[in-house]
Amino acid sequence: MQRGISYEGVYRQALVDSFAKLDPRVQWRNPVMFVVEVGTFITLLLSVDPRIFGSTGPGARPYDIVVTVILLLTLLFANFAEALAEGRGRAQAASLRRTKSDTVAHRIDESGRPMGDAAASSLRTGDLVRVAAGELVPADGEIVRGVASIDESAITGESAPVIREAGGDFSSVTGGTKVLSDWIEMRVTAEPGKSFLDRMIALVEGAERQKSPNEIALTVLLSALTLIFLIVIDSLPPMAHYLHSTLSIATLIALLVCLIPTTIGALLSAIGIAGMDRVIRFNIIAKSGRAVEAAGDVDTLILDKTGTITLGNRMADAFRPLPGVEAAQMVEASLLASYYDETPEGRSIVDLARKQGVDVAPDVLVGAAAIAFSAETRRSGIVLAGGREISKGAVDVIKRMALRGAGALPPELDAITEEIARAGGTPLAVIDQGMVLGVIHLKDIIKPGMQDRFAALRRMGIHTVMVTGDNPLTAATIAREAGVDDFIAEAKPEDKMRRIREEQSQGKLVAMTGDGTNDAPALAQADVGLAMNSGTSAAKEAGNMVDLDSDPTKLIEVVSIGKQLLITRGAITTFSIANDVAKYFAIIPAMFVATVPALQALNVMHLTSPRSAILSALIFNALIIPALIPLALRGVRYRPMNATQMLQRNMLIYGLGGVIAPFLGIKLIDLALTALGLAHI
Amino acid sequence: MTIRGLLGDALFLAVLTAVAVPVGTYIYRVMEGQRTLLDRLLDPFDRLIYRVAGIDPERGMDWRGYAIAFLLSNLVMAIVVYLVLVFQTSLPLNPARIGPIAPTTIFNTVVSFISNCDWQVYSGETALSYLSQWALQFLQFTSPASGLLVAIAFARSFTPGRTDLGNFYRDFVRSLTRIFFPIALLFAIALLATGVPDTLGGAVTAHTLSGGVQTISRGPVAAFEAIKQLGTNGGGFFNANSAHPFENPTPISNLIEEFLMALLPTALLFTFGNYIKNRKQAWVLYGVTMGLMVVLLLVLYSAEAGGNPILQHLLKVSGANWIGKETRFGIAGTSLFATLTTAYTTGAVNAMHDSLLPLGGIVPLFQMMLNAVFGGVGAGLLNILMFVILAVFVTGLMVGRTPELFGKKIEAREVKAAAAAMLIHPLIILWPSAIALASAAGLAGIFNPGLHGLSEVVYAYTSAAANNGSAFAGLGASSPFYAITTGIVILLGRYPSMLLMLYIAGSLAGKKTVPASPGTLRTDTWTFGVVYMGVLLIVGALTFFPALALGPIAEQLAMLAGKVF
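Chains as they are written, first to last, in the numbering used here: chain E, 1 to 681; chain W, 1 to 565.
Chain W extracted, bound-state conformation (with noise of 0.2 Å):
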């Protein structure tokens, strides 16, 4: 580690709060109709596309109207890319003559990006067409959309008084015209001006110094960029995504993008904070968030910097582990996109995660086996929230009453849909894990045998339910047998809980606010965030100790002990 770097860092994360605060203000503004700087230009768009889908956007929903505008809107927006991919070679815009694509990996594709997950069973330079493309992009901004609603939903119903939680279409068109639009647009062409390629051109050929032939493959890179970092959906242009020299080309453009992917869901915090009329509730669970993923970050960090000591004394040298890093990002720069890419759930990666150290390898795997340092656009805040229901559940009694949050009474109703919702994650990770690892067509895609093909396994499984999307590598992933199964552990970790979410912020929504006395848990106090975290850590994490303890960790201390696999 160095002082350059840890400064770097703090310095980073300071001005991710800095702006943060604002956009989460910002984001509530726009929800809640009230009047923000881009009124005068977009208010006419917006009531065109009003008049043209047939939206009364003044009509609000209950939970079950707001849950089935969500679902339905998925679906449709799913079918139209399905068919964009299935019939890429008959469509437009395809000046690579690129060839149909497989099945299975279009169902794990369409059912990736619809979830904001973008795991990616393809190599996009090599399989997809540009339409194709443009079409996964169309999903990368309306993903993160989704997942910003429903939490939106789900803070109105703690609005005293108010019953419904919005309109969906209208939050949707909203969302989109004032958050994602304009943002996106603004750091593409920062992008483009650090060397991001944006062109509708095919691939060139170059003609290397020693007479070698290159196909370089190029497209509309910038603008995918944007919104890939963004709306954390992480889904790259490139197979080897953001450590693509054209996807992520300078240091400057690594931090564009790195700022760009903490940016929502950090905002979303003071946004609930607005909703609940608490600024101190936002601070508070941003201070133990940001508190867990800085002690993360400096875990994989000096893991990193550390490098690995079986090489250094093999081979009587020191210094970082630098394998399947890209040298023009450093050490810092590579830690901390990591750490970010896990906590935010982006899944955008600018190095080889596979080739992280064992203790380097924890941090991102435990982040999103967390699921909740921060977390995606919208489902973060979610996660985060359903483990505030259930600290408020089980500690709350200890003030002698029963327990409430925000003014709204948690009965057993909201505890079972809480419990479900947190069941949800151990089950589709670890399940899913065990059959791989029983079955011979899981078998089969480990191309590192012994701890570490467990690892493998657990990440890729794990990424997929968190919907993160970033990959270990060294798992053969597109075959059938794990496109579909983590096609289907993507869906799971997606809507299900978002629907219980919904669920209980329709109860909540009928339930009357009963105001704060001295005997109330408060939940905005630092000693609350610290039982926060312990809940999160004991229910959240110890869960899956044991897998950890039979990957990275045995591995972790099989290198200390000069073990090598």
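So here's chain E without its partners, still in its complex pose (with noise of 0.2 Å):
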């Protein structure tokens, strides 16, 4: 993002937080972190006093404090990585709210006339409200008079300004952003407090999070891992007993936390926050977790055709002569018939022709006047003073104008038409007082690098679909040299909606982007729905997802963050569990070796004292949550592979990584609490 964030603060509100919450009722929301608080408040309690539950052997007291202590750091620990990844939110809350000032609105009734200032609090929805040149947008709306450049970098970050006006796709506006030139008139769409801003402050601040799908069952999970464990320590007072043996409480409690999976336990919402975080500094607003989780899992990604796999405007690439016809006679027809066009398809038809050498004298121009296009002609032109008149257009139609005039039709233009077709190109025929004279080859330009983008999509298993309205020669040519799986030609609005249904009917699981009203339908019932912040209110409303950017194309990098947020989930929690390993051989021969001396064959890591063992696996136990709060915020850095890989990969490193980086460090811990005289407390 541009906007300026400031850190600063972020970690030193983060620490007081951490103590915040320890609050139980704060902690009960986390089960595997509030037994490890309960388990620090009995440790505590036998602190104070070591014959709280019976009696306990001599010189119990400093082990209990030292025990109590790690506890206690522990538990801090998840707090701090809970409350860094909500001061990271928080903190880009600020800045947008900074923009978020009262402002005055000037109401107006149905027919424009005004009413009176009121403040933008106040308005409700319906209210009308007219905004000039160098005024904030008082709340979201749709203009319903009036065109506008606006300025929406409060909220996109991006500095160039857009065009706003009445009527169409482009017609919404966002409250907090500056109307630069001209004026509109607007009727109010939201309530105060449910604006757009709103409801981002509120999404970036995590006030509104809530445990995604998947982070519930994984909870889940670690409850019952939790119980299991709480089941194992149980069971052991009593078999000790019977082997006429007691075991310290504290020691006890230090194996459960030592098992329990707090390492994912205490960052788990930590990873989900830095997930929704790293959307949102992709300028990407999503408004749930499962939306971003829904991203991962996403199978077929349906991309518009135009702004997304080509740009958005297609460039003279040839020009063709019909049989007959000079070719510089063409080209300069064709350069004539653009000269006034300035649309970026006209403006390259000019360049291609002055790149081949042909330019028109200034004289030739002199009373010449333009005809400019319109949706009913379908053609553009000039008129030159002589009352020359050359146009180009689509080819039905100036096939249609050439008819009229000389009758006659040379039988090579159809095959032109469709040599360019088959090739992917878009044909305009050009006359020249009513004579054809050749086919312009307008083509598609793929966007650069989109190939190698499919290409790892296609790796990722996840199929596309290009929707445009070419037909079926023109889309496939370009579905093949991009490298798109699938297409769907001639399309109209409602053909999304169909082909997302055929997907989810399959089980499979559909994102899209959109930004007109009649994408909406499609754009809420695809389960990921990136809308463009460009687009209508409606497709904004629809979407999970808005792209501040209005970039089409980042959906791909959606689909990314989605699966990284997973992966980091994943790799986390089999890390955790795989530390058990090491853990269980630390404490186990630690506990019983005293009553059973042989098991001091299990202490494979020649640690130094029972009590020694069990502070070393605590301490490493606490300490591998700090360590990890960067991995968990940032992500396990995802490159697109294949599951199986994948697999292997991350299995390698965190699983295998989890079984055999716990020997090392509680063997490490141990030396440490011996050198420091330590290991007999």
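Wrong hints could be hidden among the right ones.
DSS-like cross-link-like pairs, simulated, lysine-lysine; straight-line CA separation at most 25 Å [what the hints assert, rightly or not]: (1) W:Lys416 - E:Lys355; (2) E:Lys287 - E:Lys194; (3) E:Lys194 - E:Lys211; (4) E:Lys355 - E:Lys399; (5) W:Lys316 - W:Lys512; (6) W:Lys511 - E:Lys508; (7) E:Lys492 - E:Lys447; (8) E:Lys194 - E:Lys178; (9) E:Lys443 - E:Lys355; (10) W:Lys512 - W:Lys277; (11) W:Lys277 - E:Lys211; (12) W:Lys511 - E:Lys211; (13) E:Lys443 - E:Lys492; (14) W:Lys512 - E:Lys508; (15) E:Lys508 - W:Lys277; (16) W:Lys416 - W:Lys512; (17) E:Lys211 - E:Lys21.
Simulated DEER-style distance windows between Cβ atoms [as the list claims (entries may be wrong)]: (18) E:Val38 - W:Pro245: 54 to 62 Å; (19) E:Val38 - W:Leu93: 53 to 61 Å; (20) W:Arg4 - E:Leu623: 51 to 59 Å; (21) E:Ala594 - W:Leu131: 49 to 57 Å; (22) W:Leu11 - E:Gln210: 39 to 47 Å; (23) E:Pro62 - W:Ala516: 55 to 63 Å; (24) W:Asn239 - E:Val26: 41 to 49 Å; (25) W:Gly287 - E:Glu418: 52 to 60 Å; (26) E:Gln210 - W:Gly60: 31 to 39 Å; (27) E:Val604 - W:Leu131: 54 to 62 Å; (28) E:Ala594 - W:Gly319: 41 to 49 Å; (29) E:Ala594 - W:Ser210: 40 to 48 Å.
None of these hints come from the bench; they were simulated from the model. Cβ atoms here follow ideal geometry from the backbone N, Cα and C, with glycine treated the same way.
Taking the hints as your guide, dock the two standalone chains into a single complex.
Dropping the structure here:
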């Protein structure tokens, strides 16, 4: 985001929050850490009075105190992770809130007469407001009259102004943006406090954060694992008692805390918040964690051709004169026909002609008049001073013109037209004084790098579908060139909807982008609907994500972010569970070696003393949390590859690594404790 | 260990696998109503049963319907058998005029046989009439059939587009007439040929050469023996179970029994492969499970073949640990039997597990704690799949998709049920063990003090929880305390987890099947097989590490250190 966000103070605030979050009512929501908190409380009581739960051996108090401190640190580290993730969101929200100063709104009635000023916060849905140049838009709304250039940088971070006008797909304005020129009259569409900006702030702050479905499922599993270890620990005192030994309560709690999945329990919510945060940094607002998760699961991407796969505009690629027409003559006619055409297509024709060394003398243009393009005539051109009329346009239109004039049509016209269409181009016929000269080959230019991205998507197992209004021939060629898997040609808005339903009925998850009002139903139907911020408010309302940069290709990144979120969650879960192996080998011999000396053989790490073994395991368990905070916030690096390769890779790092790392870590901590003379505390 | 012993084991497992694959497909064809060899003979018979019982075999059931039918049928059968045992003295077929059975023993026995556990706190030859034995034999047919059906219902939930789980009563009839009856009949005859008796005549009195008088019990043993093994039941006709020369007279009969207990659970993995239309998946699960079992077999075999170092040192002898073993089976035959009977949770024994060396004793205990090294008929497959669900859920996230299994999304509902099912096993082993060790009634039943006593208690509840039924012995299991507590553990080890798995099946059946893509976690790869094993060992086994450490591991380490108890 270009918005200046200061993270200064975030760390300090997170530190303070870590203590505030010790409140049991907060911890209760995280069953794993709640168990740690209860354990901490018990060891705290023991530190105060070692005999509170019955007798203990001599010298237990220092040990109990140390265990209490480590447990408390474990809790604080977990709280810090969450507070840090939340703090970063809050910092972004603060920068958004700065744009949300209360402005004055000039209310008007239905006929446009002023009705006096009112505070923006008092506006209700349906109110009409006039905003002039230099003023801030007071609320979200639809323009009913007028056209203006608007600076949306407060929301999007994009400094180039955008044009907004009444009617059509570009009629929505967002509260907090600034009218730069002209004026608009708009109807308010959001109640105060429920505007886009308000919701965005709430989202980045995490105020409305609800656990996503996968997070809930994972919490269930982690709770079950915690319960299992509670059962294991519960059963130990009677077994020990049978063997005529007593176990210290602090040691039992230490073993319990080491075994329950505290690492993932501590980092789970931070991972979720950070995932949302990554989406926001990408200038996309996801309306829920569910949407981000769904993005990771997407099987099919439905992409509009224009603007997403190809540059918005076609470019002239070649001039194809008909037989018997001089090439230079045709190029010149094409240039003249496009001379006043300011569209990118028109400019590209002029450029191509000039590149081929053809230009017009300025005197030719004296007294010339432009024929503007319109949806009815579907052609544009020029009328020179002498009455010579040159046009270019859709081939069928030009053919009709020619038939009205000279009557005959060269048979080669159709052949060239079809050839261009088959090559994925758009044919544009040129007619001079009723005689068809040739066809301009307009070509869709595929955005640079798209081929690679589609190849990456294919490796990820995602099926891509291109939607275009082009004829099937053209569509097929572009699809092949870009490397998309499938296409829908001559698409009508309802075709997108049908395709989405089809894919979903096969159990697939579908993502799409859209901006128009007629995209809204499909955006709502899709599992991931990325609406463009430039689009209508209906589209933004229907989608579950909004891209502030209005760049549809970002859908691909959204998928990566979703996958990254899930991978991070899985990796740290696996790591956390794999850690248990080493902890068992540290603590079990330590617990029972006094009763069954032979168990010393299980002390494979050769830890100095039973107490140092237990403390080392507990310290490792606490320290691993802050050590993994950066990973939780940044996310595991994601590279497109197939699932089995990814599983192998991540299992090696987080599964096998999770088994080995604590053996080394615990040994090192034990050496340190021994060196500090704390091994026999 | 001998080369011959190892080659024998390898050959046995190869033959087992070669037969299990087609039998797996046969089970699939039977359960899905496809044409099979015995149709012409059995179809009229099936139809007669359907008509008499008023079953509409075409009516599919949802998970609730299937679960209710499963519970109800089990309850009715349990009550019938209960009544037979209670009124044993007034009912016919009691040539030896055997008296009444203790009420706690009846409770324990009925619960144990209906649950496919066959934990026995009585001696068959002195406590039960032939009719009572038959009643239990009846349950030895129906309890594996019930387990098989729940597994089949679960497998059906992955069939794309299918929302019902089948008709329990139809499945029940077909599984008995096409699978259990024919195979049991065939092998009962084979066992007869090896010398296993089958008679309704009472005990005979023999006059020994030394002039003594001996009462030799006999009975309809061969028929009992076949289904005892085939159904992974394990409850013996005689107290000595498969160590008794009438139950298991020769090395050949020993091989037959080993083969029978391993056949159906192994085959069911391949049946499952047929259901999900993925044979490679079956091979992967088979491969890693078999790999684990072979490792454990080698541990047990080498420990027993190596003998007891303390005795070797004191007596200046060498050789294997022969205590509690039958010489006719040898060390290899005993090791394989002990491994199979606890892997497949059959619970039949041909040696005293109590007399295994500590390391050898860990293997049976460990397999029952995992409860997913093939396991019993149906129940084993369900346990394996439960761990597959957990493995997919934990590690599946690492491929960047929310977890799915064979095309069905695994969400909070399924995880909740699978996690609850996973909880049950440690809960019903560790808590009862702790209670037994902390209560006077429990301590009274421990005949060997110290670490070995702890092993015995843990073994008893593990065997009950895994529905295995083998005993470590050395424990006063017939005391009311143990009869009641093991009975409760057996029930909790059987029904709750099966109901949870049916619940998962119901939930999965309603879901759409997501087609596989390169981004989908493939579970039919060896990579996943290793991951599955890792999750099974860390989640399924480490839970028991403290208990094992205090019991057999400590014993083993102490033995190596030269300490005796």
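The hints, checked one at a time:
no.: 1; hint: W:Lys416 - E:Lys355; verdict: violated (69 Å)
no.: 2; hint: E:Lys287 - E:Lys194; verdict: holds (13 Å)
no.: 3; hint: E:Lys194 - E:Lys211; verdict: holds (22 Å)
no.: 4; hint: E:Lys355 - E:Lys399; verdict: violated (28 Å)
no.: 5; hint: W:Lys316 - W:Lys512; verdict: violated (68 Å)
no.: 6; hint: W:Lys511 - E:Lys508; verdict: holds (12 Å)
no.: 7; hint: E:Lys492 - E:Lys447; verdict: holds (23 Å)
no.: 8; hint: E:Lys194 - E:Lys178; verdict: holds (19 Å)
no.: 9; hint: E:Lys443 - E:Lys355; verdict: holds (17 Å)
no.: 10; hint: W:Lys512 - W:Lys277; verdict: holds (16 Å)
no.: 11; hint: W:Lys277 - E:Lys211; verdict: violated (36 Å)
no.: 12; hint: W:Lys511 - E:Lys211; verdict: holds (22 Å)
no.: 13; hint: E:Lys443 - E:Lys492; verdict: holds (22 Å)
no.: 14; hint: W:Lys512 - E:Lys508; verdict: holds (9 Å)
no.: 15; hint: E:Lys508 - W:Lys277; verdict: holds (20 Å)
no.: 16; hint: W:Lys416 - W:Lys512; verdict: holds (20 Å)
no.: 17; hint: E:Lys211 - E:Lys21; verdict: holds (18 Å)
no.: 18; hint: E:Val38 - W:Pro245: 54 to 62 Å; verdict: holds (58 Å)
no.: 19; hint: E:Val38 - W:Leu93: 53 to 61 Å; verdict: holds (60 Å)
no.: 20; hint: W:Arg4 - E:Leu623: 51 to 59 Å; verdict: holds (54 Å)
no.: 21; hint: E:Ala594 - W:Leu131: 49 to 57 Å; verdict: holds (56 Å)
no.: 22; hint: W:Leu11 - E:Gln210: 39 to 47 Å; verdict: violated (59 Å)
no.: 23; hint: E:Pro62 - W:Ala516: 55 to 63 Å; verdict: holds (58 Å)
no.: 24; hint: W:Asn239 - E:Val26: 41 to 49 Å; verdict: violated (60 Å)
no.: 25; hint: W:Gly287 - E:Glu418: 52 to 60 Å; verdict: holds (58 Å)
no.: 26; hint: E:Gln210 - W:Gly60: 31 to 39 Å; verdict: holds (37 Å)
no.: 27; hint: E:Val604 - W:Leu131: 54 to 62 Å; verdict: holds (57 Å)
no.: 28; hint: E:Ala594 - W:Gly319: 41 to 49 Å; verdict: violated (36 Å)
no.: 29; hint: E:Ala594 - W:Ser210: 40 to 48 Å; verdict: violated (54 Å)
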